[in-house]
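A.B. asks: Protein sequence lines correspond, in order, to chains A and B. Just so it is clear: in the first sequence, position 137 is 137 by the working numbering, and no numbers are missing. Count along the second sequence starting at 1, add 223, and that's the number in the working numbering.
No wet-lab data here; the hints were simulated from the structure. Predicted model only: the values in this text are computed from it and were never measured. Backbone N, C-alpha and C define an ideal beta-carbon position, used for all residues, glycine too. A few of these clues could be false.
Pairs of lysine-lysine, DSS-like flavour, derived with a Cα cap of 27 angstroms [to be verified]:
#	chain 1	residue 1	chain 2	residue 2
1	B	Lys295	A	Lys156
2	A	Lys156	B	Lys291
3	A	Lys156	B	Lys230
4	B	Lys292	A	Lys156
5	A	Lys158	B	Lys295
6	B	Lys228	A	Lys158
7	A	Lys158	B	Lys439
8	B	Lys359	A	Lys158
9	B	Lys292	A	Lys78
10	B	Lys441	A	Lys156
11	B	Lys230	B	Lys445
12	A	Lys78	B	Lys359
Listed next, with one range per pair, are the computed distances between beta-carbon atoms [what the hints assert, rightly or not]:
#	chain 1	residue 1	chain 2	residue 2	range
13	A	Gly44	B	Trp329	26 to 34 angstroms
14	A	Asn40	B	Trp329	45 to 53 angstroms
15	A	Thr129	B	Leu410	50 to 58 angstroms
16	B	Lys295	A	Arg5	51 to 59 angstroms
17	B	Gln426	A	Pro90	42 to 50 angstroms
18	B	Pro403	A	Lys51	51 to 59 angstroms
19	B	Lys441	A	Ile52	55 to 63 angstroms
20	B	Asp227	A	Ala196	54 to 62 angstroms
21	B	Thr385	A	Val47	42 to 50 angstroms
22	A	Val60	B	Asp293	38 to 46 angstroms
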Amino acid sequence: MNFWRKVWAITWKDIISEFRAREIIISVLVFVLLVIIIFNFAFGAGVEVIKIAAPGMLWVTFAFAGVLSLNRSFILEKEEGCLEGLMAAPISREIIYTGKTLSSLGFMLVVELIALPIFALLFNLNLLTFEIVTITFLSTLGFAACGTLFSAMAVKTKARELVLPVLFLPLVVPVIIGAVKATGMVLSGQTWAEIANWLIIIGSFDIIFLVISFWVFRFVIEE
Amino acid sequence: MNVDKLKVLTVAGCLVMIAALYMIFVYVPTEANMGVVQRIFYFHVPLAWLAFVAFFIVFICSIFFLIKKDLKWDRVASSSAEVGVIFTTLFLASGSIWAKPIWGVWWTWEPRLTAALVLWIIYIAYLLIRLYVTNKEQRARFAAVVGIAGFVDVPIVALAITLWRTEHPSPVIFEGGLAPSMLYTLLVSIAAFSILFTILLLQKLANNTLESDINKLKEKIK
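So that you can see chain A by itself, here it is in the shape it has in the complex (with noise of 0.2 angstroms):
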């Protein structure tokens, strides 16, 4: 119980500055505004057209915006020496790996669901669905987790918000493949069990990931 308070102090630190600051959840809302308006260029708003692409264009623009996101939360950390602040709570690093997911999980989930209805409308596509949302959670989770990771590695090196990108989005493929197919899936009007097995690829990648961080995370944020 002790270690689940920790990990909520340092995600609602997190919350309470993006109350203040409004650093992240506006800025990249604003960014998803942007990429959908400009894949509508690109792909004209053909109906045909957008049946086929609604799935990649809704992950690209949610993998981009992750990337946005996730850097952020670290660099604030590092301005002002707020990461070796942290350092030198008496919490584990686990603890700090835990929080920073938490809230940039919780970020991420509030961009996509303020994104998700405004995608649905501009395009004419039913989104707002069970399995979209279940697909979205899942997706999200494993973006949040491995990207928590690699953020708190790219801001400590030369090319900051370069490296990210970099190291994140290759990692992802898995859940980038199984989140395009599965929306897919279900928005030409399949169900839960034809979905299933992207799910459980999603669901292994951010187990696995989970794991894997919360374990090397000590090593990537000691100095």
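With chain A's structure known, arrange chain B on it following the hints.
C.D. replies: Below, chain B alone, put in the same frame as chain A:
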């Protein structure tokens, strides 16, 4: 590894490689359906196999480094990653040369090709992250984390793409679908490329060790 042993290995490697080339181009009969292009198979398979070995070495050495904190393991891992990336590049290229006459295209977004490409990018990212960090302890730790995460990711990538249809020729080696002469050729070729891989790895490792020795001396002068 001292220089003499490396020389012996190099000579042995040359001999086995010549034998392998003889078998590939003279001894083994031309495959009935694909014709002469099929001989690329004897380069492609050993290269692919050793690329995986290379990344497995990166994975194991990364774990050892994180546990033991000895930079020696980091040097082995980074050497192996470099050779692995070269072998991956070569097996992608050899596969592409084979694909042009057989499939009619240099590249297709077929699942296993895509997986190989993702694998290649992951290990290029591994080499890139090493460039971005100046402190060598930190560089080793970051690289080790990427080495572990990257390797663990490979089976999930493979799993995700096997759910797609595949047009890559399925592995016939273990199903008895390969004629004995072809199997022998393949085995000799694997042996030749394994020795080549070992030589390259040891050379690169010696190179890295020298580099770290020089850096230590430099620090002393400062």
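A.B. asks: Looking at the structure, which of the earlier hints fail to hold?
C.D. replies: 3, 6, 11, 14, 16, 21
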